[in-house]
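If you read the protein sequences in the order shown, they are chains A and B.
Read left to right, the first sequence gives residues 1 to 132 (our numbering).
Read left to right, the second sequence gives residues 133 to 674 (our numbering).
Quick caveat, the hints were computed from the structure, so don't treat them as lab data.
There's no promise every hint is true.
Straight-line Cα separation of at most 25 Å, DMTMM-like style, residue types lysine to aspartate or glutamate; simulated pairs [stated by the list, open to error]: (1) K25(A) - D468(B); (2) K506(B) - D97(A); (3) K25(A) - E467(B); (4) K508(B) - E396(B); (5) K492(B) - D85(A); (6) K508(B) - D99(A); (7) K352(B) - D390(B); (8) K64(A) - D468(B).
Which bits of chain B does chain A cover? Going by a derived footprint, with three or more residues having C-beta under 8 Å, they are [stated by the list, open to error]: (9) 245–252; (10) 458–470.
Because the structure is a prediction, the values reported are computed rather than measured.
Cβ atoms here follow ideal geometry from the backbone N, Cα and C, with glycine treated the same way.
Each chain, written out:
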Amino acid sequence: MAKSYIFLVEDNWDDAFLVSRIIEKVCEERIIVVRDGEEAIELLERMAGDGSYRRIRLLLLDLKLPKLNGIEVLQSIRQSHPLRDLPVAVLTSSDNDLDQERCRALGILDYIFKPLTAERLQRVLPPSRIPE
Amino acid sequence: MNNDAADRRNVAAVPYDLSGIALLYVEDEIDARNMVGKMLAMNYPKLKLYTADNGAAGLELYRENEPEIVMTDINMPVMDGIRMSREIKSLNPEASIIAVTAHSDTSYLLNAIEIGIHYYVLKPINYDELFSVIDKILEQIVLKRLVGEQNRRIIESERQLSGAQRIAHLGSWQLDLTDGSMNWSDEMFRICGIDPGSIPAYYWTFLDRFLPEDRELIKKAMRDAVENRQPVSAQFCRIHRPDGALRVLRVEAEVILDGEGVPETMIGTSHDVTELKQAEEQIRTLTDELERRVVQRTALLQASVQELERFSYFVSHDLRAPVARLEGYCRALAEDCTGCPVTRCNQYAERAERVVRQIKHIIDAFNNLTHYAKCKLVLEEVDLSAVVRSIASGFEQSEPERQVEFVIAERLLVRGDPGLLQIAMEHLIGNAWKFTSKKQRARIEFGCSEQVGARVYFVRDNGAGFNMKYLDKLFKPFQTIHSPGEYNWNGTAIGLATVHSIILRHGGRIWAEGEVDRGAAFYFTLEPNPEPGDFMERKQLS
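Please take these sequences and the hints and turn them into a complete structure.
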C-alpha cells in the first residue's frame, strides 16, 4: 500500500525535530521536511506533475522561511491548479494579526502557535486522501 | 429821515454776518454826528459803532479798536480828516475809509485819492447813497473774511494731509496722461529719498525710481490700467533711493476719464511698506524655521518609534521562536519522563515549562507596553466616572463577599482614547482593589481636584500602601515592591508601567503618594487636547 505524507516546511532544525516527534506520536505518515519556501514549491510542483501530491495528508507550513516566506508559498499553492485544495495548517511563533488574517483568507485548516501539541495536530489532521 | 431806505437795507444786510465788524465815525458837528450815528445804528444794528469829534480823537479810537471801516468828515479842528486818514492808512493800508465831504472840500480830493480813500459821500448826506457805499464795503469785508477762512481751512487740511502722509509713509501723485507731467506730494518725494520739489516730476522720473525688473511690472500695470480704463491693483515694487537704500512700495492708482471717456489723468498712491515687508519676511523665516524644526523633530521621533518597533518586532518574533522551541522541549521532556523512576526529572521539566510560560507572559506584556507608546490615539470625549463605575461593579461582582466602599465623583469628562483610558483605569482600580483585600472596611475613591489651572484626577485607597522610598520603582515595568505571595500577583508587574505609558501618551503626568498600611493615592493629569500621533504610524514591518 502506498504511504501518505505529512509535508513539513520548516527551516529550524529544533522546530522540525519537535514537530516530527509530535507527528510520529499522532499518525503513521511519512514526513517530508523541506527547509525553505523555494524548495517547498519546487518539490510540490514536481509532486503535482507526477500526481504524488495526492499522498500529502497535511502540509504544515512555517511562516518565517528563507527565500520565499510561508505566505508566499501558500499563495503559490492556492494559485496552482492541482495543488489548490491541498490541506494546509500554519505553524508560527509570532502573533501577527495581519499574517493570520492573510493566511485565513487564503484558506487554511488552522493557525497554530508553536509549540505544536499532539492534541492540536490530532484535531487538525484531515482524513487521508488516498483510498486504503 | 429815510426810514424806507433803512428798512430796505436791513433786509439786504441780512445775508452777511456783521458781528465783530466796527465802524468809526468822525464828525465835528454834533447834530450831524448824532443823526448819522442814529441812522447807522438803526440800519446796521450788529455793527459796532465808535464816534469821535475830530481827527486826533478818531485816530486815538482807531488805534484802540482798529475798526474795519472809517467814515470821516474832512474839515475838523485839531486834526482834519485827510491827515487822520493818512495816519490810519499808514497803520493799516487795508482800512476802508469813506470821506464825507461838502462840495467846497473838493480841493482835498486829489490828496484823498493819493492817500487811498476810495469812497465819497457828499454832504448833505443821502442815506441811500451812504448805505449803498457801506453795504459795498461790508460785502467786501465779509467776502475777504470768507476767503480768508477758506484759505485757512485749505492750509489746515493740506497740513493734515501732509502730516498723515508723512506718518503713514503714504505718498500720493497725479499723472497727466497727455504730457506725462506729474504732481507728487511732499511725502512721495521723501519716500523716494528726494527733497520735496527738488526735481521736476515726470512719468519717466517716477519710473526711474524703480528697480529695472519692477519698473517693467509697474509700467505694464499702468499701461494696462489706461487701456482697460481700470484701476491699477496693488503692486509691490522696489525702489532705489539716491543714497542706495532699497524700499518696497505698494503702488495703487486710478484712471480719471475726461468728458468724452478718454483717460486724462491717473491719480495714485505709493505706500512705503518696507518695514511691513521686512516683518512679513521675518515671520516667514521664523515660520519656515519652526516648520523645519517640526519636520526635524518628527523625523527624530519617527526614527525612535521605528527603533522601538524594530525592538518589539525582535521581541515578538525573534525571541518568541526560541521560547516556543524551549517550551516544546520542556513538554517533550515532561512527556517522555513520565514513568521515569527519578521523579525529580519530571518535576524539573514541569517547572521549566512554567518558567517558559512566564517568559511568554512578559513578552506579551512588553509588546502591549510598546504598543501604547506608539499607537495612534482615537480621541473622543470619555466619561471617566462612568468608566470607573463599570470597572468597580465588575470587581464587586467578581468578589461579592468583599466589603468595599466606592466613592466616585460624578461626570468627570476628559478627551482621550476610550480604549486606552479604560485599560489605565482598570489597572489603577485593580491595584486599589487588590491592595485593600486585607482591609475590613476598604474604601476606594476616584475624584478630581483643580490645581494651578490643571485638573488632577486621583484614585485613592486605604489599603496596603507603600513605602515612599520605593516611589521610583513604582512605574517601572517588571518591578514589584511587594513580596511574592503577599498579594495576588499576575506575574509581570507591568500594570503601573502600562498606566504610566498611557497617561504619558495622553500628554499627562502621573505620580503617587503612599504610606505603609495607610493606603496609596495615584494622581494624574491629562492634556485637554492630546496629540493623536498619526505621524508615528508607520507601515507594519513584515
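Against the structure, the hints:
For the proposed pair K25(A) and D468(B), the alpha carbon gap of about 11 Å is at most 25 Å, so the pair holds. About 17 Å separates the Cα atoms of K506(B) and D97(A), which keeps this hinted pair within 25 Å; it holds. Straight-line distance between C-alpha atoms of K25(A) and E467(B) comes to about 11 Å, which keeps the hinted pair within the 25 Å bound. Simply put, K508(B) and E396(B) have alpha-carbon atoms about 67 Å apart, too far for the 25 Å limit, and the pair is violated.
For the hint linking K492(B) to D85(A), the alpha-carbon distance of about 35 Å lies beyond 25 Å, and the restraint is violated. A threshold of 25 Å between alpha carbons decides the hint, and for K508(B) with D99(A) the separation of about 21 Å falls inside it, so the pair holds. Between the alpha carbons of K352(B) and D390(B) the distance comes to roughly 22 Å, so the proposed pair stays at or under 25 Å and holds. Between the alpha carbons of K64(A) and D468(B) the distance comes to roughly 29 Å, so the proposed pair goes past 25 Å and is violated.
Counting residues of the stretch 245–252 of chain B whose beta carbon lies closer than 8 Å to any beta carbon of chain A gives 0, which falls short of the minimum of three for the stated coverage. Coverage of the stretch 458–470 of chain B by chain A holds. Counting CB-CB distances below 8 Å, 5 residues qualify, and the rule asks for three or more.
Comparing the model with each numbered hint stated earlier shows that hints 4, 5, 8 and 9 do not hold.
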